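**Student:** Going down the list, the sequences are from chains A and Y. Each residue of the first sequence is one higher than the one before, starting from 1 at the first, in my numbering. Each residue of the second sequence is one higher than the one before, starting from 1 at the first, in my numbering.
Hint data in this document are derived by calculation from the structure and do not stem from the laboratory. Some clues are possibly wrong.
Said to hold, decoys possible - Derived contacts from chain A toward chain Y, CB cut-off under 10 angstroms, selection only: (1) Phe39; (2) Lys43; (3) Lys44; (4) Thr72; (5) Ser74; (6) Lys230.
Remember, predicted model here, so these are calculated numbers, not experimental data. Glycine residues also receive a C-beta, built at the ideal position from the N, C-alpha and C atoms.
Each chain, letter by letter, is given below.
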Amino acid sequence: MSGDVFGVAQRPQPFGASELFSDVLSKSRLLDSSPTELFSLVKKFNKKKSNYIIDNSKNLIECKLAIFGSTTTSFITDLLEFYLFAHGIKPTIFEGVYNSVISEITNVGSDFRKFRPNLVLLMSDVRQELQHFPKIFATQDEIDQWVNERLIFFHQLWKGVGDSQIIQTLFVIPDERTLGAFECNVPFSKNVCIQRLNLALIEHRPANVVFLDLDFLAARFGKRRWGDPKNYFLNKQPFSFDALELVVFHVSCLVRSLMGRPKKCLVLDLDNTLWGGIIGDDGIAGIKLDPNDPEGEAFIAFQKYVKALKERGVLLAVCSKNDENIAKSVFFQHPAMVLQLDDIACFVANWRDKATNIHQIARILNIGMDSIVFFDDNPVEREIVRQNCQDVQVIEVPDDPSLYIAALDEACAFDWGQLSHEDTLRTASYVNDVRRKELEVSCVNYDDFLSSLGLEVQIGRITDHQITRFTQLINKSNQFNFRTIRYCEADIIMMMGDRDNHVLLYCDLNDKFSNYGLISAVILKRESNYVFVDTWVMSCRVLNRGVEKAVTNSMVEIAKKWGCDNLWVEYIPTKKNNLVSNLPVELGFRTVTDASVCPFSTTSGLLYLREIKEFRPLIHHIKITNQ
Amino acid sequence: MEIIDQLQNVFRRVFDDDRINISRTMTAADVEDWDSLNHVLLVTAIEREFKLRFTIGEVTRLKNVGDLIDLVEQKKDQANP
Numbered sequence: 001m002s003g004d005v006f007g008v009a010q011r012p013q014p015f016g017a018s019e020l021f022s023d024v025l026s027k028s029r030l031l032d033s034s035p036t037e038l039f040s041l042v043k044k045f046n047k048k049k050s051n052y053i054i055d056n057s058k059n060l061i062e063c064k065l066a067i068f069g070s071t072t073t074s075f076i077t078d079l080l081e082f083y084l085f086a087h088g089i090k091p092t093i094f095e096g097v098y099n100s101v102i103s104e105i106t107n108v109g110s111d112f113r114k115f116r117p118n119l120v121l122l123m124s125d126v127r128q129e130l131q132h133f134p135k136i137f138a139t140q141d142e143i144d145q146w147v148n149e150r151l152i153f154f155h156q157l158w159k160g161v162g163d164s165q166i167i168q169t170l171f172v173i174p175d176e177r178t179l180g181a182f183e184c185n186v187p188f189s190k191n192v193c194i195q196r197l198n199l200a201l202i203e204h205r206p207a208n209v210v211f212l213d214l215d216f217l218a219a220r221f222g223k224r225r226w227g228d229p230k231n232y233f234l235n236k237q238p239f240s241f242d243a244l245e246l247v248v249f250h251v252s253c254l255v256r257s258l259m260g261r262p263k264k265c266l267v268l269d270l271d272n273t274l275w276g277g278i279i280g281d282d283g284i285a286g287i288k289l290d291p292n293d294p295e296g297e298a299f300i301a302f303q304k305y306v307k308a309l310k311e312r313g314v315l316l317a318v319c320s321k322n323d324e325n326i327a328k329s330v331f332f333q334h335p336a337m338v339l340q341l342d343d344i345a346c347f348v349a350n351w352r353d354k355a356t357n358i359h360q361i362a363r364i365l366n367i368g369m370d371s372i373v374f375f376d377d378n379p380v381e382r383e384i385v386r387q388n389c390q391d392v393q394v395i396e397v398p399d400d401p402s403l404y405i406a407a408l409d410e411a412c413a414f415d416w417g418q419l420s421h422e423d424t425l426r427t428a429s430y431v432n433d434v435r436r437k438e439l440e441v442s443c444v445n446y447d448d449f450l451s452s453l454g455l456e457v458q459i460g461r462i463t464d465h466q467i468t469r470f471t472q473l474i475n476k477s478n479q480f481n482f483r484t485i486r487y488c489e490a491d492i493i494m495m496m497g498d499r500d501n502h503v504l505l506y507c508d509l510n511d512k513f514s515n516y517g518l519i520s521a522v523i524l525k526r527e528s529n530y531v532f533v534d535t536w537v538m539s540c541r542v543l544n545r546g547v548e549k550a551v552t553n554s555m556v557e558i559a560k561k562w563g564c565d566n567l568w569v570e571y572i573p574t575k576k577n578n579l580v581s582n583l584p585v586e587l588g589f590r591t592v593t594d595a596s597v598c599p600f601s602t603t604s605g606l607l608y609l610r611e612i613k614e615f616r617p618l619i620h621h622i623k624i625t626n627q
Numbered sequence: 001m002e003i004i005d006q007l008q009n010v011f012r013r014v015f016d017d018d019r020i021n022i023s024r025t026m027t028a029a030d031v032e033d034w035d036s037l038n039h040v041l042l043v044t045a046i047e048r049e050f051k052l053r054f055t056i057g058e059v060t061r062l063k064n065v066g067d068l069i070d071l072v073e074q075k076k077d078q079a080n081p
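Input sequences plus hints: build the corresponding full structure.
**Tutor:** Here you go:
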C-alpha cells in the first residue's frame with residue numbers, strides 16, 4: 001500500500017463546487033432528493049465544470065470510463081460524472097449505444113476501441129440478456145449446461161473488452177415468481193437459475209473483473225420500489241429514477257478505489273462510540289458494554305463490525321478526548337471489549353482539538369488526509385473536523401448506537417477493488433513501527449470554529465428544580481473537578497439556604513447542535529474578604545469551548561458584589577483530575593507557593609489566586625442569554 | 001392555482017429555465033433541452049407534483065402540452081371526484 005507523505009497542500013476548493021460536493025460525500029447523501037433536484041444540482045455543477053477542472057487540474061485523477069448497457073444508461077451517465085468529480089476524479093465518459101456492446105467491442109475500428117478506456121462498466125439486465133431459461137423439471141445437468149453457456153458468453157465478452165478494468169453488474173433477481181411460493185423450492189425455477197448464474201459468475205471471476213451486486217442494491221433499496229415497469233417499457237430504463245442516487249453512489253465509490261483513491265484508515269472516537277457513556281466520569285463499571293444490556297450489546301456489535309474491517313486490512317486509529325491512561329484502561333480491563341490495543345494502529349487520547357489530532361494521525365501512519373474516515377458520535381467534533389480537514393470523510397453518525405453499523409456500512413467508505421492476503425497483515429506492521437512525532441502547532445482556526453457553533457449559556461444561582469441534577473454532576477465528575485468533595489442533596493439545600501455566605505451556580509449550555517443542559521456546577525464560599533471556590537465541576541464533553549472563561553467571569557462578578565478582594569482556587573490532585581491542574585493559570589490566576597499567605601489551611605493542594613480589582617473579563621465566543 | 005400554472009412551474013424546474021411559457025400547442029421540438037432524459041424527468045416530476053400516476057398508454061398517447069393539461073385535469077377529477 002503506497003502512502004502519500006502528508007505535506008500535500010490543502011486543495012483549494014473554488015467557491016460553489018465544494019458546497020455541491022459536500023452533500024455527496026460528507027454530511028448526508030441526497031437520498032431524499034427528487035430526481036429533478038438531483039439533476040438540477042448536476043446542471044449547476046456543469047456550469048462551473050470547466051473552471052473547476054482548470055483550478056483543480058493537479059489534483060484530479062483522470063479516468064476514461066466506458067459504459068455499456070443492455071438497458072438505457074444515459075440517465076446514469078450525467079449523475080455519475082458529477083459524483084466522480086466529487087470523489088476527486090476527472091471522468092471522460094464514453095457511452096455505448098444502447099445494447100451495442102457486442103458490436104462495439106468486436107469492431108476493431110470502432111469508437112470504443114479508439115477510446116481506450118481505463119474502466120468499462122457493463123450493466124446487464126435479466127429482461128434483455130436472459131430470455132431463455134431451463135424448462136420446468138429440467139435436470140441438474142441441463143441447468144448446469146444453461147449456466148455454463150452463459151458463463152462462457154460473459155468470459156468471451158470480457159476477453160473481447162481487453163485489458164481494461166471491468167465492472168460487471170450481477171443480475172437482479174426479478175420481483176415476480178411464476179411458481180409462486182415454489183419458486184425457491186425447486187432448482188429449475190427462473191429465479192433460482194439466476195441466483196445460480198450469479199454464483200457461477202462470482203466463482204469464476206477473472207482478475208480484471210469486479211462485480212457490482214445490483215441485486216444487493218435492489219434489495220437494500222426495496223425491490224418493489226426499485227422496479228419501474230412503466231419506464232422499462234417506455235424507455236428501457238432498468239430501475240426507478242428513485243434508486244438512481246443509490247446506484248450512482250455505489251458505482252462512484254467503487255470507481256474511486258479502482259482508480260487509486262481508496263480510504264485506508266478509520267479514525268474512531270471512544271466515549272459513546274465504542275461504548276456507552278464516558279469512561280472518565282462513569283468508570284469501568286459504569287460504561288455500557290455489557291452483553292446482557294441492550295445498549296451494551298449494540299456497542300459490542302459495532303466493535304465486532306469494526307474489528308472485521310481491521311481484519312481485512314482497514315487501519316484503525318483512536319482519537320479521543322480523554323486522559324490516555326484512563327482511555328486505555330478500558331482496553332486492558334473491560335472483559336467485554338472486542339477491540340484490543342493491538343487492533344489500533346495509532347492511539348491518540350488527549351485534550352487537543354480533533355482536527356489537529358487527525359493531522360497527526362495522518363503523519364504518524366504516513367497516509368494522506370484523503371484516505372481517512374472519521375466516526376464520532378459528537379456533532380461538534382464532526383463539525384470541527386469537517387471545517388478543518390476537508391479531505392477527510394466524516395460519517396454522519398446517527399443518535400442511536402443500534403444504527404452505527406448501518407451508517408458505517410452504507411457510507412461505502414472502504415470499497416476496495418481488490419483484496420489480498422497482505423491486507424490482513426497491514427495493522428501488525430503499523431503497530432510495530434509507530435513513530436510518535438512531536439505535536440506541532442495547531443492548524444485549526446479555533447476562534448472561527450467556536451463562533452460557528454452558536455454557543456449560548458445561562459449562568460445563575462440554582463433553583464429547587466435543579467438540585468438533583470446539580471448534586472449528580474458534583475458526585476459523578478472526576479476529571480474536571482478541583483477538590484473532589486462530594487455532597488448529598490441535603491448539603492446542597494442547606495447551602496442554598498445560607499444565601500449570604502454561599503452561592504451555588506449552575507451553567508446550562510446549548511449550541512446549534514444540541515441542548516446540553518446543566519454542564520457545570522460551582523459552589524462559592526464567602527469568607528471575610530475573599531471568596532473560596534469550594535467546588536467547581538464541569539462535563540468534559542464541553543471542554544475548551546469557552547465555558548471555563550464564562551464561569552470565571554461570573555465568579556469574579558460575584559466576588560465583586562460581595563466586596564471581596566480575592567478569589568481563591570484550591571486544586572487537590574487525584575488520579576483522575578490531572579486535566580485541571582494548570583487550568584487556573586490559563587484563566588488568569590496566579591500560582592501561590594507560599595502557604596503562609598493563604599488565609600485558609602490547606603495540606604495537599606495547589607493554590608491559585610485571582611485579584612478582583614484589576615480583573616478584565618475573559619473573552620470567549622459564548623452568548624450569555626439570561627442576564 | 002390553475003393546473004396550467006402549476007404545470008408551467010414544473011416545466012421551469014425541470015428545465016431550470018424561468019422563461020419557459022407553456023401553451024397547449026407546445027411540443028418537445030419547441031424546447032431545446034427537451035430530450036428523452038428530460039422527458040422522463042418531466043413526467044416523473046408531474047406525477048409527483050399532482051400526486052398522480054400515468055399509465056403507460058396515457059404517456060405514449062401524449063402529443064403536445066395540451067394533451068398533458070387535459071390528462072392531468074382528467075386524472076385529478078378521478079382522484080378527487
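**Student:** Evaluate each hint against the coordinates.
**Tutor:** Status of the hints after comparison with the structure:
| no. | hint | verdict |
| --- | --- | --- |
| 1 | Phe39 | 6 angstroms, holds |
| 2 | Lys43 | 5 angstroms, holds |
| 3 | Lys44 | 8 angstroms, holds |
| 4 | Thr72 | 8 angstroms, holds |
| 5 | Ser74 | 6 angstroms, holds |
| 6 | Lys230 | 5 angstroms, holds |
When held up to the earlier numbered hints, the structure conflicts with none and fits them all.
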